[in-house]
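S.K.: Next come the chains, spelled out residue by residue.
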Amino acid sequence: MTLTRTAGGLLLPDHDAIGEWRRLRDRLAHADRATSAAALAALAGGIRRTVISTIHAAGLGHTGGDLSVTDILTTLYGAVLRIDPARPDWPERDRLILSKGHCSVALYTTLTTCGFFSADRLATFAAPMSPLNGHPSRKAVPGVETSSGPLGHGLPVGVGVAVGLRLRGSPARTVVVLGDGELQEGSNWEAAMTAAHRGLSSLTAVIDRNGLQQGAPTGDTNDLEPLADKWRAFGWEVAEVDGHDHLALLDAVTAPRTGRRPRCVIARTVKGRGVSFMEDRVEWHHKVPDAEQTRMALEELR
Amino acid sequence: MIVEETHDCRDAFAAELVRLARDDSRIVAVCNDSVGSSKLGAFAQEFPDRLINVGIAEQDMVGIGAGLANAGLVPFVCGAATFLTARALEQIKADIAYSLANVKLCGMSPGLAYGALGPTHHSTEDLSWLRAIADLPVVVPADPAQTSAAIRWAAETTGPVFLRIGRFPVPDVSPPGGPAFAYGRAARLRDGRDATLVATGTMVSRALQAAELLAERGVDARVVNVSTISPLDREEIIAAARQTRAVVTAEEAVPTGGLGAAVAEVVLETRPVPMRLLGPRTFAPTGETAFLLEHFGLTAEGIARSALEVLGLDDG
Numbered sequence: 000m001t002l003t004r005t006a007g008g009l010l011l012p013d014h015d016a017i018g019e020w021r022r023l024r025d026r027l028a029h030a031d032r033a034t035s036a037a038a039l040a041a042l043a044g045g046i047r048r049t050v051i052s053t054i055h056a057a058g059l060g061h062t063g064g065d066l067s068v069t070d071i072l073t074t075l076y077g078a079v080l081r082i083d084p085a086r087p088d089w090p091e092r093d094r095l096i097l098s099k100g101h102c103s104v105a106l107y108t109t110l111t112t113c114g115f116f117s118a119d120r121l122a123t124f125a126a127p128m129s130p131l132n133g134h135p136s137r138k139a140v141p142g143v144e145t146s147s148g149p150l151g152h153g154l155p156v157g158v159g160v161a162v163g164l165r166l167r168g169s170p171a172r173t174v175v176v177l178g179d180g181e182l183q184e185g186s187n188w189e190a191a192m193t194a195a196h197r198g199l200s201s202l203t204a205v206i207d208r209n210g211l212q213q214g215a216p217t218g219d220t221n222d223l224e225p226l227a228d229k230w231r232a233f234g235w236e237v238a239e240v241d242g243h244d245h246l247a248l249l250d251a252v253t254a255p256r257t258g259r260r261p262r263c264v265i266a267r268t269v270k271g272r273g274v275s276f277m278e279d280r281v282e283w284h285h286k287v288p289d290a291e292q293t294r295m296a297l298e299e300l301r
Numbered sequence: 000m001i002v003e004e005t006h007d008c009r010d011a012f013a014a015e016l017v018r019l020a021r022d023d024s025r026i027v028a029v030c031n032d033s034v035g036s037s038k039l040g041a042f043a044q045e046f047p048d049r050l051i052n053v054g055i056a057e058q059d060m061v062g063i064g065a066g067l068a069n070a071g072l073v074p075f076v077c078g079a080a081t082f083l084t085a086r087a088l089e090q091i092k093a094d095i096a097y098s099l100a101n102v103k104l105c106g107m108s109p110g111l112a113y114g115a116l117g118p119t120h121h122s123t124e125d126l127s128w129l130r131a132i133a134d135l136p137v138v139v140p141a142d143p144a145q146t147s148a149a150i151r152w153a154a155e156t157t158g159p160v161f162l163r164i165g166r167f168p169v170p171d172v173s174p175p176g177g178p179a180f181a182y183g184r185a186a187r188l189r190d191g192r193d194a195t196l197v198a199t200g201t202m203v204s205r206a207l208q209a210a211e212l213l214a215e216r217g218v219d220a221r222v223v224n225v226s227t228i229s230p231l232d233r234e235e236i237i238a239a240a241r242q243t244r245a246v247v248t249a250e251e252a253v254p255t256g257g258l259g260a261a262v263a264e265v266v267l268e269t270r271p272v273p274m275r276l277l278g279p280r281t282f283a284p285t286g287e288t289a290f291l292l293e294h295f296g297l298t299a300e301g302i303a304r305s306a307l308e309v310l311g312l313d314d315g
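Chains as they are written, first to last, in numbering that gives the first Met the number 0: chain H, 0 to 301; chain R, 0 to 315.
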């Protein structure tokens, strides 16, 4: 479907960035593991620095979650997803759905590293009439598959995509990136049942398991554990990995399927990862760094 | 009075969907354990792989609809109107309307159709809720011909829509010959100079009967069928307010936010005339649908009485 992108700033492909991203993908396709790990780490570092600068400039953002999900997004866009940033509506593309839509700055920044649009547009984040809203809008941002923000919406949509692609005979894959706190929404478990019942082996859910929600640890709020057992009981295969280890994430997402089952990757992460004074601190859920904190954070992320 | 033949619009819906699906392999149906009540049995027989029954899980159902559209299919997402709209309202707003997903939401058995099953099963708020959502057309066919035409229009048009598919039996009201449904256009089924009866869905045939009763009292009533509640045909409503002295609306839904409020907004902003907004304003008592419609004054007599009142011609 052709979408009318919103007024106030059409986001167009950045062909230089697309070229750079394609060269990275080609390099990674033939690289040894150490080289791949280094390339993805460098990409993630750049994304984290841009996330900090963008949130500081806009005075708005979900800093902690952006930094916990960065390595997941970096791995998927940098090494896994078959996409064409020049053709965001390419029917045979793999789909990534960011269910935790509040981490939009990490997503937008990652999309610019693929060339869906130019990185200089990040300066308009949250500005009047910008296509880059606080939560991603499908109508406004190429590469965004569904508008997200209210929690518990991504997995049902991902299930629908996977069912639809299979009906169409497409081999394309669907990845849904979820927050751990949002697993308290019942809609996820409706979708988890449907995905297993329908044997959606092209579907992967990656959970950014940073252990914190807006106001407190998930364990103190409405405990999710035993989380892996829950997904297994719902009929999914489960992998648990260090969510900041790019190669471990890559292996977990791309490992051959053992049957007609969807896969859940529980990525153990640290909220605020990479900035010492933000790490595992609940107040950084949506706190915005001031000028000095921004300087210190960028220094640590160099 | 001649007893007219009446129809359950779900039958026209089901038959049209099967016809369309034969020609367009992108069409799929999604439902919430409602194969029977959504009349999808024939569809399931002919296209077993293209019926996605998610079970009793409306949020999942609507999200899956958005995903199927993303994958390039044209999903008709069917469920009892109250469960589809109330349970999954946030999915309808964010995943369908705000995402401009090409999903056809089909609210079955709306209004008071579930009769004595009670207010938990009545869908009387759906028009208010959905009319408040941007980028979501709200369509209410009044008879089988309109239902079939609206389904065809929905399948051929890219973008989201909510279709309210009636269960309570209705007679044919569409004039023969012309197009049964024109998106965004209200149909003037009877002209008149004294008052305008604006109706939707099951109330259209009753408004036509009310006009007959009013004619016996010397009142010349216009009847307008609003089959697209959102976006509303403002021109037809403005014409009614300019050319007649009063407007009565009738719907099987709460008028606070539904058709009544939609019409009142236009009348108020352009040419204020006296109005009466008919529709249930409380949870229904126990009773079958016909009884409940009578209870809320949603009959030919009730509509005619309201017209006389608003014109100052009532005997009381």
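Think of the hints as simulated: they come from the structure by calculation, not from any bench.
Even glycine gets a Cβ: it sits at the ideal position worked out from N, Cα and C.
Take the hints with a grain of salt, since some may be wrong.
Simulated restraints on C-beta separations [what the hints assert, rightly or not]: (1) R:R151 with H:R259: 34 to 40 Å; (2) H:D228 with R:A85: 20 to 26 Å; (3) R:D22 with H:D219: 37 to 43 Å; (4) R:T281 with H:D228: 45 to 51 Å; (5) H:M128 with R:R21: 55 to 61 Å; (6) H:F276 with R:T281: 56 to 62 Å; (7) R:D22 with H:E224: 36 to 42 Å; (8) R:D22 with H:G258: 53 to 59 Å; (9) H:M128 with R:I237: 29 to 35 Å; (10) R:G54 with H:T220: 27 to 33 Å; (11) R:T156 with H:H285: 35 to 41 Å; (12) R:G54 with H:D289: 34 to 40 Å; (13) R:G177 with H:G258: 18 to 24 Å.
S.K.: Confirm or reject each hint.
M.R.: Hints versus structure:
1. R:R151 with H:R259: 34 to 40 Å: Because 37 Å falls inside the window, the suggested range holds.
2. H:D228 with R:A85: 20 to 26 Å: For D228 of chain H and A85 of chain R the Cβ distance comes to about 33 Å; the hint is violated.
3. R:D22 with H:D219: 37 to 43 Å: Since the Cβ atoms of D22 of chain R and D219 of chain H sit about 56 Å apart, the hinted range of 37 to 43 Å is violated.
4. R:T281 with H:D228: 45 to 51 Å: holds (48 Å)
5. H:M128 with R:R21: 55 to 61 Å: violated (45 Å)
6. H:F276 with R:T281: 56 to 62 Å: holds (57 Å)
7. R:D22 with H:E224: 36 to 42 Å: violated (51 Å)
8. R:D22 with H:G258: 53 to 59 Å: For D22 of chain R and G258 of chain H the Cβ distance comes to about 36 Å; the hint is violated.
9. H:M128 with R:I237: 29 to 35 Å: holds (32 Å)
10. R:G54 with H:T220: 27 to 33 Å: holds (29 Å)
11. R:T156 with H:H285: 35 to 41 Å: holds (39 Å)
12. R:G54 with H:D289: 34 to 40 Å: 50 Å Cβ-Cβ, so the 34 to 40 Å window is violated.
13. R:G177 with H:G258: 18 to 24 Å: violated (56 Å)
The earlier numbered hints that this structure contradicts are 2, 3, 5, 7, 8, 12 and 13.
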